[in-house]
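Given the sequences, and given the hints that come with them, work out the whole structure.
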Amino acid sequence: MFDGRKESSDPFEQSVYLLSVLARAAEDGIGERLAARGLGRVHQELLTVLAQAGPHGRADLARRVTAPDASAAMDTLLARGLVQAMTVHLGGGQQEVVMLSPDGQAELAAMHADAAAVQDAMMVSFTRGDRAQLNALLRRMHVALGRGEGFGSPQSVSRKVRGRDRG
1 MFDGRKESSD PFEQSVYLLS VLARAAEDGI GERLAARGLG RVHQELLTVL AQAGPHGRAD
61 LARRVTAPDA SAAMDTLLAR GLVQAMTVHL GGGQQEVVML SPDGQAELAA MHADAAAVQD
121 AMMVSFTRGD RAQLNALLRR MHVALGRGEG FGSPQSVSRK VRGRDRG
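First residue of the sequence shown: 1, per the numbering used here; consecutive thereafter.
Bear in mind the hints are in silico, worked out from the structure with no lab data behind them.
For each residue, glycine too, the CB sits at the ideal point set by N, CA and C.
It is possible that some hints are incorrect.
Stated by the list, open to error - Computed Cβ-Cβ distance ranges for the label pairs, DEER-style:
1) L137 to H89: 48 to 54 angstroms
2) G38 to Q14: 35 to 41 angstroms
3) L78 to G146: 32 to 38 angstroms
4) M99 to V16: 36 to 42 angstroms
So this is what it looks like as structure tokens:
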């Protein structure tokens, strides 16, 4: 039985294990909501990068995103009007530049609302104070791991997109 006043001797109740299980549950919940929208994590990642870092060359964006199906995901986003593309002529060459559309911004906002709903469902038994305390502790852990910038900040997004942040 759980007793929050002392550490458990059960290895499956160690914080690192519990964090892993909870992370999978959060990923599953978010994944289900994305799937209901006909989208996946790679779509969310592409929209997030474009929202945080601005327009990108399509080829550069496809290379930077860690998912192997980034190009196909970009085609889906274009077909649904969530991103816009234009051809830019640079120094005798041309490049397709992709940017977030207003519909894409709205979709990303809906994804954030879905993530908040998953979080609320996972924390249903927590008081507002419990939630604030957990958030503060998780942020401290995040900083201690050397990932002090906020999730989704340009630094953390670009590091993840380039494959240097697998956490």
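Status of each hint after checking the structure:
no., hint, in the structure
1, L137 to H89: 48 to 54 angstroms, "51 angstroms, holds"
2, G38 to Q14: 35 to 41 angstroms, "38 angstroms, holds"
3, L78 to G146: 32 to 38 angstroms, "36 angstroms, holds"
4, M99 to V16: 36 to 42 angstroms, "40 angstroms, holds"
This entry satisfies every hint, going by the numbered hints stated previously.
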